[in-house]
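**Student:** Given the sequences, and given the hints that come with them, work out the whole structure.
This is what each chain is made of:
There are 2 protein chains.
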Amino acid sequence: MPDFTDNLKPASPSGPELLAQERRQSDVAVEELSHHLFLDNDFLGRQQRILRILEKDALFTKAKQLNLSRPERYQLGLARAKKLRRLADQHAWDAEDQSMSQYLCDDVSPYMVHYTMFPTTVREQGDDAQRAYWLPKIEAGEVVGCYAQTELGHGSNVRGLECEARWDPKTREFELHSPTLTASKWWNGTMGRTANHCVVVAQLLVPNSAGSTEYVSHGPHPFIVQIRDFKTHKPLDGIAVGDIGPKYGYAPMDNGYMLFDHFRIPHSAMLSNYSRVDPNTCTYSSPANPAVVYGSLTAVRAAIIMHARLVMARAVTIAVRYTSVRRQFSDRDSQSNAPELSVLDYPTVQIRILPLLATAFALHYTGAAMQKLYEGTRAEIDKGDFSKLAVLHAQSSGLKSLCTELAADSIETCRRAMGGHGFGGGSGFIQLNNDYLSKPTVEGDNWMITQQTASYLIRRMAAAVTSKGTPDDELERECRKWLNEEHDRNVSPLLIFDSDEQLVQAFHRRSRESTYRAYVEREVKKRSWNSLLIQLRKVSHAESQSILVTNFYNALQDSSLSTALRRHLQVLFRLFAFYTMDREARDFVKANAVSNEDLDQLPSTIQDLMAQTRPHAVNLVDSWKIPDFLLDSALGRSDGKVYEDLFNRAHRLNPLNDITFNPYYKSDEIIMGQGSDELRKIAAKL
Amino acid sequence: MPDFTDNLKPASPSGPELLAQERRQSDVAVEELSHHLFLDNDFLGRQQRILRILEKDALFTKAKQLNLSRPERYQLGLARAKKLRRLADQHAWDAEDQSMSQYLCDDVSPYMVHYTMFPTTVREQGDDAQRAYWLPKIEAGEVVGCYAQTELGHGSNVRGLECEARWDPKTREFELHSPTLTASKWWNGTMGRTANHCVVVAQLLVPNSAGSTEYVSHGPHPFIVQIRDFKTHKPLDGIAVGDIGPKYGYAPMDNGYMLFDHFRIPHSAMLSNYSRVDPNTCTYSSPANPAVVYGSLTAVRAAIIMHARLVMARAVTIAVRYTSVRRQFSDRDSQSNAPELSVLDYPTVQIRILPLLATAFALHYTGAAMQKLYEGTRAEIDKGDFSKLAVLHAQSSGLKSLCTELAADSIETCRRAMGGHGFGGGSGFIQLNNDYLSKPTVEGDNWMITQQTASYLIRRMAAAVTSKGTPDDELERECRKWLNEEHDRNVSPLLIFDSDEQLVQAFHRRSRESTYRAYVEREVKKRSWNSLLIQLRKVSHAESQSILVTNFYNALQDSSLSTALRRHLQVLFRLFAFYTMDREARDFVKANAVSNEDLDQLPSTIQDLMAQTRPHAVNLVDSWKIPDFLLDSALGRSDGKVYEDLFNRAHRLNPLNDITFNPYYKSDEIIMGQGSDELRKIAAKL
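Chains as they are written, first to last, in the numbering used here: chain A, 196 to 881; chain B, 196 to 881.
Honestly, the hints are just simulated from the structure, not real lab data.
Watch out, some of these pointers could steer you wrong.
Said to hold, decoys possible - Simulated restraints, written as ranges between beta carbons of each label pair:
id : chain 1 : residue 1 : chain 2 : residue 2 : range
1  : B       : Ile854    : A       : Lys721    : 56 to 66 Å
2  : A       : Asp198    : B       : Asp363    : 21 to 31 Å
3  : A       : Lys876    : B       : Asp222    : 44 to 54 Å
4  : A       : Asp604    : B       : Arg712    : 23 to 33 Å
Claimed, not checked - Cross-link-like lysine to any residue pairs, in silico, SDA-like; alpha carbons within 25 Å at most:
id : chain 1 : residue 1 : chain 2 : residue 2
5  : A       : Lys278    : B       : Ala878
6  : A       : Lys721    : B       : Asp795
7  : B       : Lys876    : A       : Asp301
8  : A       : Lys880    : B       : Lys257
9  : B       : Lys880    : A       : Arg844
10 : A       : Lys880    : B       : Leu246
Glycine residues also receive a C-beta, built at the ideal position from the N, C-alpha and C atoms.
**Tutor:** Dropping the structure here:
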């Protein structure tokens, strides 16, 4: 309905003018930088191609979806998931195309586990016959599958799972059973409403010997189980399964619960590529080298870091563009009547956003390096040589922990830096934040998995102290070098402002020192593991930061970079390194890595680097090429029409404004003129 | 529907057993501590009385409300707000009772601004006639009001507002007008759908003199304006008003937008207690001392801190109870088959939760001290003496900034410490988190308002350096003392482990030093204000931390405390102080307040204090007496029935489980057996 607001424009200077000016003033070559970031795998071409298809389809329109109820969000998610799969058939999308379509759709898909963990497990854990039987049905979408490991009472400690699979030699079946409430499968995606099959991880119980009634537990094993009827999609008898209810974000995903009541499944249900139960003799044969699993886990973690950097880039894109457009207060030291400053001109806004911009690059180079390293060791892994994988896997735990935490925190930091409008739906931060907040917890709790990294580092340091023969790996070699050349040698602190190499070296020295201290506590003083946990996390983070800084530095040596671009990236590198160092400054003193005097200079150095970055901030975020379709943000629009979009969402797209309410408290009428019907309807939903 | 899950119990030891054991093992006297915390104003009696009424009313049942759509949440919010008001009439609740009912209901009320800012402004800014006319109508709920200051393009910088009120001497009316889109009022609570009146803050434009066509701007002034029809509740002609749409949390609140198209209001609309326009001569007379406003602002901020401490206590209550019940992994150094440990036994979990438990107490004592101080200066303020208020107001800005940030961050920290279940709706954190996240931004952005505190501190330090006559206030006296006795005097670092007094003194010394450094930069080196903003925030936080530590310490001197309880509180005091110190350790070295050697001891001291707190954690949170009704948390239930409640919410209370879906991608049927109807319905909402 047209009204007087149709002709109103925002006060000048307008967002588009301001962003145009930002783009003009910078010599950052956006296309060159984009190309540098997304060299591999035609990421940008793919993004463009899939985007064109999704943008045309009304089902993927996002602006109003925050108004939907949770049950509606699941239904929309299912409808979108189906549509994406049909589009994949229609356009012959490959796996990467399909991932891209889900990334752009930005809904976690109710089919997610059906596409990922479920087929991966069947492929890795199933024997040839099982693969041949199941994979075509899965691919056809006839079998819709999920993966149930975690239970109501048991998460990371897989050995504590309670769900049982008991082999019954008489009927030659396994009996799946949930003996307690805490044995209920819990959190398992795609299981709540969508899947008709499931890989269930249960404690395998097998009679001591054929004919015995004494059972032996062989620990958790995977079984593939039909859980719902193909036709009615109702749970089979003996199974209670459903969705666990609303969560932070993840609204379209049906994370589920499931219990079994003496539910019988055939011998063929046990995935038997490694472990087997002989149906005749009750003999259990045990798995081959489980290190294979670390391979795919490491690949998953590299992917998590590559995803984390896109999440950060997205948050920072919105924050940089909006704070360039948003103006507030004149310079306090200026003449009166000076124009208001862009919010991004304030150092207190810069310090929250620009180091995160630098961090997105840091994550990028480390994610890319990990992927390359993993690909490089693939051949060795396939040959059964896991030595390099061990280092990579240990490092990946700490990096997963630190990087997902950095990304999750960056969203909230950017949001707050945007002031009031950051709290609104037009920020584009609500779904991003709520969905991403699971990442520090899933796939290994962020605090817990740092133990793996620290434990590995301490072992390598212990080996280096003993110093027998040639070092087992690069890490031990570095530890030895540090012990011989730097530790207790009265070396001078590094000159971090003189060369980037010394800056990198400072992070190394500090990480070695941190590992060494933990080694002394654990191995020399024999302190208990649990009493060291806080320190161990710091050990892991010190190493992860050292890796991030090193990979960033190495990437700058890429000879294909133009001098101009390398200069800009160098500023970001230093910003990231100094900012990280400043937050843990005492550590660097203790390691004799940096002098107190130099550390005192960090705040002003950081402020200088931010001032150097400021004029290029918009071009730097533009280079990440996050499409408006994905940003779904009035504040972060690439054209700068911040206020027009906010107003449009409020005035034209808000369904609440279609209803007139009765505001008088003595009446229990809610909608004007409708009596108390509406109240009854709402009350019925409570 | 009964099924086999009805008879299942969680694995033992059960939550109730575990919590009972936690309660038995502690000698913290819950009732004594509760009494100590909630001495004033019969808080606990009131809570109990109102709780009994709300618990009986099905409209206030919370468990399923996360499933509702945003429009439904507003409707529910309005229904609840009406019901609370009717209950207030019925039970003759006073203002504190009504606040308590809203606190327990835990929905931000669509009537909120009608109850707070709207009547306060009419009372403070209206003249006698205006008060006599409006207040009875407001009290009767006939006039439902809101307050519109912030605009789409203008937040904290009130002088930048664009909405105009132009005095027309001919018709003797003001013309309200929004010249641009950015002039749209924005974010204003209760305005979107609920209010029929509004206090509109607009730039007052008055002709130069009677008969002149030249207008002079007198800055922002408040006008009371009818915006909707009493009967139809439709916006009046010339007004566009509505709800701005979904946000982080605050779902039941109709934050609004509003524009005026040459909308005319009578002379009496201008609230004229201070400022007036003479309708005959066009003469503008200006306001009396605006410091009055700081009085109520300071009171509001004390209330914000008292609220923040309850929010923290709530988050910590849930986290402590759940991590006591939740068990995971055995001790790595123990025998195999050792039982799993309570998650709260891990120092990595303690370090996230227990310092926050201590912080809730710190906030409590400072909020209480501020309220007392404000009450104490009330008499002087009423006499027109604002000298003490100035200090209090300056301190309140920094404290508001720090305390709301601590509280907001504590929610997310506690949530993550709870692992997977923290991400679920049964955590009780979703609404708490989303609603509270606005606090660091509203009522003065957290980063921005620290300038007020720092600016004040620097002025007092400058006065102390000049040292003319007797000091103006306590702060200047302390600055002089520091300059004379500690600054550049080569004093020894304080012995923070020897006495709590010295520990407090260390915070003072560090704050003075921090202020002095900023004073030198600004006043001596004449650095620009904006270039110092990051440093100024640190100055403000240093002072706020010093105030928090001091008030906590002072509270321990209360002679009514039993020795046992004082000992427990002392542990919390030290935990808070050392934890805070550890995070900013270099600052304390630079101020010569603490030695490097002592700072190196902080991590192990903190770990010791946490170990001392651990056995009492459940009793300590119990003492805050946050009712289960408010917690709305399966994880934080006082009876420990964590798993039973999580399962009940999933299996019995989740509406998504009432629907059976069609999971096959080739069909666009969403609900099994219903064809493509549902898809059309959902698509229509996009």
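**Student:** All hints, please: hold or fail.
**Tutor:** Hint by hint, here is what the structure shows:
1. Taking 56 to 66 Å as the suggested C-beta distance range, the pair B/Ile854 and A/Lys721 conforms, at roughly 58 Å.
2. At roughly 23 Å, the beta carbons of A/Asp198 and B/Asp363 sit within the given window of 21 to 31 Å.
3. Restraint check, A/Lys876 to B/Asp222: a C-beta distance of roughly 52 Å satisfies the suggested window 44 to 54 Å.
4. At about 28 Å, the CB distance of A/Asp604 to B/Arg712 agrees with the hint of 23 to 33 Å.
5. Restraint check: the Cα-Cα separation between A/Lys278 and B/Ala878 comes to about 13 Å, which is no more than 25 Å; the hinted pair holds.
6. Among the hinted pairs, A/Lys721 with B/Asp795 is consistent with the structure: their alpha-carbon atoms are about 20 Å apart, no more than 25 Å.
7. Proximity of B/Lys876 to A/Asp301 is assessed by CA-CA distance (about 21 Å); at most 25 Å being required, the pair is judged to hold.
8. Annotation: proposed proximity of A/Lys880 to B/Lys257 holds, straight-line Cα distance about 10 Å (limit 25 Å).
9. Between B/Lys880 and A/Arg844, the direct Cα distance comes to roughly 14 Å. Compliance with the 25 Å bound is thereby established for this hinted pair.
10. For a cut-off of 25 Å, the pair hint linking A/Lys880 to B/Leu246 stands: about 22 Å separates their Cα positions.
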